Amino acid sequence: MKSFGETIKEIRTARGITQSELAGSLINRTTLSKIENSFEEPSYENATKLINRLGITQIEFDYIRNDYQLNAKEQIIFDFFNIAYNSEANKIASLLNRCEQFPNDQEIQKIKVILKAFNASSLREARSLVIPLWKSQVSKTDNWNVLDLYLLNMIFFVFNDDTMIGISNRAIKTIEGKYPFLKSLETNFLLNKAAILMTKQNFDDAAMTLVKAITLTKATFRYDKLLMAKGRLAICQKDKKEALYCLKVLKEVEADDVYNGLKDEIEQFDSRLS
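Numbering (the UniProt record's numbering), first residue to last: 1 to 274.
Keep in mind that the hints are not guaranteed to be accurate.
[What the hints assert, rightly or not] Below are the DSS-like pairs computed for lysine-lysine, each with C-alpha atoms no more than 27 Å apart in a straight line: (1) 212 / 240; (2) 183 / 251; (3) 251 / 218; (4) 178 / 200; (5) 91 / 73; (6) 251 / 240; (7) 91 / 140; (8) 140 / 178; (9) 116 / 135; (10) 178 / 34; (11) 49 / 212; (12) 200 / 110; (13) 263 / 248; (14) 135 / 200; (15) 251 / 241; (16) 263 / 238; (17) 34 / 91; (18) 110 / 140; (19) 178 / 218; (20) 183 / 49; (21) 34 / 2; (22) 263 / 251; (23) 91 / 9; (24) 9 / 49; (25) 200 / 183; (26) 200 / 212; (27) 49 / 2; (28) 238 / 218; (29) 218 / 49; (30) 241 / 218; (31) 49 / 91; (32) 183 / 173; (33) 212 / 263; (34) 73 / 178; (35) 49 / 73; (36) 173 / 135; (37) 110 / 91; (38) 178 / 110; (39) 110 / 183; (40) 34 / 9.
In case anyone wonders, no lab produced these hints; they're calculated from the structure.
These numbers were taken from a predicted model, which means no experiment stands behind them.
Take the sequences, apply the hints, and build the full model.
Written as structure tokens, this is what we have:
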């Protein structure tokens, strides 16, 4: 395994970031040079900030540091982040089985609850699994970490409208303040918030939320989400032609899940577009 400093230097140089740019006002350049050459170890707080400034997560950093290999726990978290929600039954079953290796690990147990919710036969059953986790742990946590944010994004569907909007607002604020590299995840919360506002007929606030989402989707090159955001904005603005155009492009690029979602919403708000 590489040292912390060696890994920082490898990622920094690969991304074309100078020592001065990375150090910024956090530490001086000489200190960073000592860290990179393993002559000095940063505090935990400064180490976390340096990793964040490189635009990567702690898991990604550890993955690179460990010569692009993950340990068993990190692999579970990585696979969980990349699962296509409840549509991959075999992967969910495999992950649940692997979670049994860590009966006393709080993070893994959170993941286990969410995976069980994915397997639930009804929304009521999913809520019975997730709400206790929300009330006993996540809602009481002052500072949401990256895993908490991903978990909330995945279980968003179990909450009532007001709770979902509150979660979105706090998640967006947390990402912008602590994890600005999670732009794609922030987009998800913005899109989810906009969808709830639309169902509550609050189209003006939904439109403002979607404009922000559109900016982020362009920055992250997520054109499927961009088309969803533009399609929803078109619904808010009563622009049926634009909404149908976004739907057409989604079909052409074979973004089936997003296509079906926007198609349902166009039908749901058909009276607004007439």
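Name the hints, by number, that the structure is in violation of.
Of the numbered hints, 4, 7, 12, 17, 23 and 31 do not hold.
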